[in-house]
Amino acid sequence: MKVLVTVAEVATVEEDFEIDGSAIDERYLEYDLNEWDDYAIEEGVQLAEEGVADEVVAVTIGPERSEETIRMALAKGADRAIRIWDESFEDTLLDVAAKTRILEAVVEREEPDLVLTGVQASDDMFSATGVALADAIGVEWAAVVNGLDHDFEDGVASVRRELEGGVEELTDVELPAVLTIQTGINDPRYASLRGIRQAQQKEIAATSLADLGLDASAVESRLRLTEMYEPEVESDATIIQGGPEDAAVQLASVLREKGVGAE
Amino acid sequence: MTDVLAIAEHRRGTLRDVSYELITAGRELAEETDGELHLAVIGGHLEEFTRLLSKEGVDVIHAVSNGEEFNHDVYTQIAEGLVEEIDPGVVLVPNSVNGLDYGPALANRLGRPLVSDVTDASFDGEALSTTREMYGSKVETTVEVDAERTVVMIRGGEWPSADDSGDPEIRERDASIDESAVRSTVRAFEEVGGGDVDIADAEVLVSVGRGIDEEENLELVEELADALDATLSASRPIVDSGWLEKNRQVGQSGKTVTPKIYIAIGISGAVQHVAGMKGSETIIAINTDPNAPIFDIADYGIVEDLFDVVPALIEEFER
Ligand SMILES: Cc1cc2nc3c(=O)[nH]c(=O)nc-3n(C[C@H](O)[C@H](O)[C@H](O)COP(=O)(O)OP(=O)(O)OC[C@H]3O[C@@H](n4cnc5c(N)ncnc54)[C@H](O)[C@@H]3O)c2cc1C
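Protein chains in written order, with this note's numbering: chain A, 481 to 743; chain B, 31 to 349.
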């Protein structure tokens, strides 16, 4: 069985930052592997280690810079990687439909039996690409999966979906399928030194839209990010100042006033 | 004129709050363009649900019979059929775990753009304009939709619940489902948690997040909890790492808590965390990042390193 894992490099924002037009100024961004995708990679690699998967392929939509991140997936055990990029993606908010169309073309080429995605990307926070992709390629799916039975008996993936309020749903999903993976499903490994070395040898196939048989107009986003701003804080939080020790003393008196620690 | 179709949500026999919020959001959008608000409720106790959902501003309720519980294959099919018939400009779906399990598929099938996790929406001139957050809620964005027809997923808790009763037309329908396209089966539900404590009962919670960095450091907040005679709780990453049991997790997928005092230590205040603790009487946040969203809902904030503040606080209480 072949497993395709979608991996995103996400931008994280430093503590102090400035907004430049409708984006955060590049100076204040750091890039990292999307937290949810780390769990998806781990799930794929475990399937390979258990002999269930023959090949784990990581796919990312990202500029050249993101090869550093995709290499993490390779270092953790993915066999090879595909990186798709087009200049037209620069400075646009790729919407779910656009990402879906790109990944659909990848699935057509790779024909995986199982696609694993993260529940969400921590930067654009859409949480929707996996399920949209499943529908686009005409396979089953399950969203927010925090448990997966690796047996796949009778071609079925038995999953646990994490609903709100501490309730989990047990669902059977026919393969092939797309599962969006929730944190906590496993314990993602660190890349070993050996893994990191091996990753240097593995293939990252830089792929253009044309390679996928698409042109830029086919993946034009219908969402436009027109404004970005810091949320207006309605809070009237009292910020306790004066350095850590002094703040602790003041907080202690607030807490005591409210009856905490009173004997 | 833009008609709106909103799809209610229920689970295990109960309508979820977001259903009433969808009505408010839908009514606002429909009113802005003189459109109609259609509501769909799929499966479950239809009679009770339609009665409860008969709120002012709802023009039509489509009560679709099809079994007790949510199944995404069924929901997607039924919703697609309703959209084809009603042709609403906006389809509103809750941004819940189940909403995320069919909304994106529905949008794909309809060929419509999807805007998920929306906290505000309005027709700005002609175009639909939405508000979303990015980067772990550190920024807010305005996202405009370049299309006349969309699927919009709304975040729970952002619109008030509709409460005035109304008198909508009720259309009962039998769903004819293409069973060959139903390839997933919900087997059961399970409650998680249990364990030694119920954090929902605690009056004072010392809650720890990823800022604690390492498992060994948990001792420090345990000490603080002891000194304050408080109960220890946590954000999700602490539980994901296996450092604390699941029954200690506060948030959307954990417990909802409403203590007198909630002390958030090294917790950023992601929406899914806040969903579980915003009802606390007094919220105190200790975080090095002045822009952490937790400060938006805190009553008291300390912008310092927890490893400096917490020991000092323990000392204060142990003196
Ligand atoms: C479907 C779904 C359901 C979810 N359900 C839940 C849920 O039930 N509960 C939940 O909590 N999350 C839930 N999450 C996860 C949520 O999105 C966040 O990832 C999580 O809440 C972040 O936890 P955190 O605040 O501890 O970590 P982070 O967001 O990493 O924040 C750590 C904070 O610590 C601060 N910090 C770092 N070092 C220090 C220091 N030395 N001193 C002081 N401060 C410091 C940082 O400034 C930062 O603000 C869910 C997510 C999804 C997608």
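Any given hint could turn out to be false.
What the hints assert, rightly or not - With the Cβ distance kept under 7 Å, some of the chain B side facing chain A (calculated, not the full set):
1) I116
2) L130
3) P143
4) F153
5) A157
6) T161
7) Y165
8) G166
9) E220
10) V222
11) G223
12) G225
13) V227
14) L343
As the list claims (entries may be wrong) - Listed next, the in silico DSS-like pairs over lysine-lysine satisfying Cα-Cα at most 27 Å (straight line):
15) K308/B - K276/B
16) K285/B - K168/B
17) K738/A - K290/B
18) K290/B - K276/B
19) K738/A - K308/B
20) K285/B - K738/A
21) K682/A - K482/A
22) K168/B - K308/B
23) K285/B - K308/B
Think of the hints as simulated: they come from the structure by calculation, not from any bench.
Fair warning: this is a prediction, and the values are worked out from it, not measured in the lab.
In this text, a Cβ means the ideal position worked out from N, Cα and C, and glycines have one as well.
Now the hints, each set against the structure:
1. I116: Given a least distance of 21 Å, the restraint on I116/B is violated.
2. L130: 5 Å, holds
3. P143: Where the cut-off is 7 Å and the nearest Cβ of chain A is about 4 Å from P143/B, the hint holds.
4. F153: Violated - the Cβ of F153/B stays beyond 7 Å from chain A, reaching only about 15 Å at its closest.
5. A157: 9 Å, violated
6. T161: T161/B check fails; min Cβ-Cβ to chain A is 9 Å, beyond 7 Å.
7. Y165: Cβ of Y165/B sits 5 Å from chain A, so the hint holds.
8. G166: Check passed: Cβ of G166/B comes within 6 Å of chain A, closer than 7 Å.
9. E220: Hint holds; E220/B Cβ to chain A Cβ min 5 Å, cut 7 Å.
10. V222: Status holds, d = 5 Å.
11. G223: 5 Å, holds
12. G225: This interface hint is violated because 11 Å lies over the 7 Å limit.
13. V227: 14 Å, violated
14. L343: 4 Å, holds
15. K308/B - K276/B: Distance of about 19 Å is within 27 Å: holds.
16. K285/B - K168/B: This hinted pair holds, its Cα atoms lying about 24 Å apart.
17. K738/A - K290/B: 9 Å, holds
18. K290/B - K276/B: 22 Å, holds
19. K738/A - K308/B: 18 Å, holds
20. K285/B - K738/A: 24 Å, holds
21. K682/A - K482/A: 17 Å, holds
22. K168/B - K308/B: 18 Å, holds
23. K285/B - K308/B: Measuring from Cα to Cα gives roughly 12 Å; hence the hint holds.
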